[in-house]
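Guided by the hints, dock chain H onto chain E, whose structure is given.
So the protein sequences, as listed, match chains E and H.
Its first residue numbered 1, the first sequence is counted upward by one per residue in our numbering.
Its first residue numbered 1, the second sequence is counted upward by one per residue in our numbering.
FYI, nobody ran anything at the bench for these hints, they're computed from the structure.
Each statement offered as a hint is correct.
Straight-line alpha carbon distances no greater than 25 Å define the calculated BS3-like cross-link-like pairs of lysine-lysine that follow:
id: 1; chain 1: E; residue 1: 133; chain 2: H; residue 2: 53
id: 2; chain 1: H; residue 1: 117; chain 2: H; residue 2: 196
id: 3; chain 1: H; residue 1: 297; chain 2: E; residue 2: 99
id: 4; chain 1: H; residue 1: 196; chain 2: H; residue 2: 120
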Amino acid sequence: MRPGDRVFRGLAEGSGVLIVALIAAIGLFLLWRAVPALTRNEANFFLYGGNWVTTDTSAMQFGILDLLQVTVFVSLFALLLAMPVALGIAIYLTQYAHKRVSGPLAYMVDLLAAVPSIIYGVWGLYVLAPVIKPFAIWLNESLGWIFLFSTGNASVAGGGTIFTAGIVLAVMILPIITAVTREVFVQTPRGQIEAALALGATRWEVVRTTVLPFGMSGYISGAMLGLGRALGETIALLIILRGTQTAFGWSLFDAGYTFASKIASAASEFNDQYKAGAYIAAGLVLFILTFVVNSLARAAVAGKDRSAS
Amino acid sequence: MTSTLDRPVKAPTFQGVSARRKFTNNLATVLVTASVLVALVPLVWVLATVVIKGFGAVMSSTWWFNSQAGMTAFQAGGGAYHAIVGTVLQALVCAVISIPVGVFVGIYLVEYGGGTKLGKVTTFMVDILTGVPSIVAALFIYALWVATLGFERSGFAVSLALVLLMIPVIVRSTEEMLRIVPMDLREASYALGVPKWKTISAIVIPTALSGIVTGILLALARVMGETAPLLILVGYSQAMNFDMFGGFMGSLPGMMFDQTSAGAGANPVPTDRLWGAAFTLVVLIALLNIGARFIAKFFAPKKV
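Excised from the complex, chain H in its bound form:
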């Protein structure tokens, strides 16, 4: 027998979730899940298109080691060697200039001037530089390097424009990596009487190195596909050109753009070249991305 005390005085006030709330909740779940799928569709679609349409061209024996020298738009044959060399050269020269500047700005922001007025202005300017459109960077280099200093349009001018786009990415990743280096390491080094610059270059940087290199590779992958500076700052050449300071220069995005005006979509030869160049560019970028993941995974300092 149950006493009155065991029974609740009032009927339970909890009610099940109303149908309307249930419906809204389910609808929201469906919508947010669907939006992820919506985002993945173009990714898969674009990559599949590039692989399927470009596969034929890159499998030809001449693709990787021949240039397009002497080829006409509708004559099959030739390769993308000139374009690969151009893209890689421009990216390397860009990296040689951007890496020291970018890493030093990162060091400055974390180790020296983070809280100072100059530090704050620099942080803001790096943010602004991140948002500078590539065409504006190209115009600036044109105004400075070509129009004012009187140099020729060249592959090197393209590299300079790419530097503007690459520096902020390197600064951001370097900054992020230096910030997670434990303060204890720096203090231990100071306590041993090691000067600050030696602490940074021998303790802090090596600890963060894998992260910094990862960031640099990703930044490099980002600038490799830039096309706008190529249009303004160097002409597209079908032949080999190893000279960064003169003459037209081939590049993969340049080759792609050249094909779009040479009748890609209508004639199979430029169409194949277009997607072949796209495939090659994606392969280069993928290699950099995989390299970056690899370094991040295997060379990261071991967690204790």
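Excised from the complex, chain E in its bound form:
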């Protein structure tokens, strides 16, 4: 091997190794920094849901129960809103739209992902929330007997609720789900579509009998990637969701902290290794959560690639 080749190959391979090492380092460093705080935690880390007491670093109380519930609840709500819309867009762009229209439209949907999340946050709180306020109040008043719409620990009229946050989050994850779904839908074998047409299927029946069965795994994995994004969203939720002292009660009109917004809200406490350690422990759980969700999503797509080829 020529020396130039050896150097170049080394650089390329080294960069690859660096990426692998980086992921391992993220897990290890977070764990290493979290352990000292965890040993001084007097509450059960997984079952404690109350306020975090970190002022006395020799006897701290912190736990992730409430964070986990709020994070999962708001992410699933956003997913529920975004999934049907993303499916519709993907079907429209790949099966209905003319080529000349679908390109620009796809670009515009992708642009949704280019808007920074802090802009979504301020838009959600200052612009969207007042507009959807009547609807939120109506939901709360007429359907309040269902636990989802019951009066929670935040003001319905104030808008700093999971209801508002979930809608904003749905907009943010929409482009991700759409992009992955579209990519798979567009690969539907031409032969299957034409066979369905030849049997006299209507346009919708073509979609239902060929595109959907073929692309379902892509749609699922797109939704999982969207979920992974939603779980880790920080600043939009920090701005929209009101902090609260009351426990979470599975209502859309609750507020509270997700993992990410809790950590970001405590930026001033990052001056002491034990205080910071408590939040790093929460960050580690978030890292593992997103790691698992993203791996499952990739596995779903990878499985499809193999069966298609």
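Relative to chain E, chain H alone:
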């Protein structure tokens, strides 16, 4: 006269599409079309809000060349110069670190290790890195750079966190671009006795360059709006700070977040500053996006 042979034996079995199927088909068409409109509403709404509410602030003469030094929350005046400088500096330092690493990982995956075990692990890890939330990246840099190595919280630490978010985007686009470079070009080069590294750096990369640069610009636009690392890794400063390694540093997302806690929505001064900063940030991102489209369009290798 028609013979019996000309007439079909049986009545035609084709029937028109039943009303129910027609209805379902039309309903589906309406629904999928409506979902596209549903997606475009927030896009137009958000951008229009930012432009309308932010336009006033950015048109003031002091906006682009003054900082907020010495200003109080409810006193009108000052600008976003400190924030623009901070955002651009952090993004540039991040780019200087991410671009070589990202491009080399892309080269490794396409030219060297695609099928090997390490290659597969790397691909998987890049996927995982894509999904790492920005707050986790910030915590990692805090744990490594600040808590373990003992450095100050600074603009540079933010850049490091942004590197983690930028690398996977660059790797993906580089990989995609290198894969569409025709094999013939590489083989022609090998046949002339050109070593592999020279083939890659003189033939493959230049061919794919416009695509790679486009990907880098889009990745840069993506990390510019990140806010979570700013909160953890550097304080927000209203004054100018060109020092990446020390002191608080302004930035556009930092300025926006600062206004949300300074009474935006209630008082017109922080509200104007908030939307002004949002408008400026959108303009920066739009410039990068337009630049990326421009390069992709005009510098792409000509199709034969």
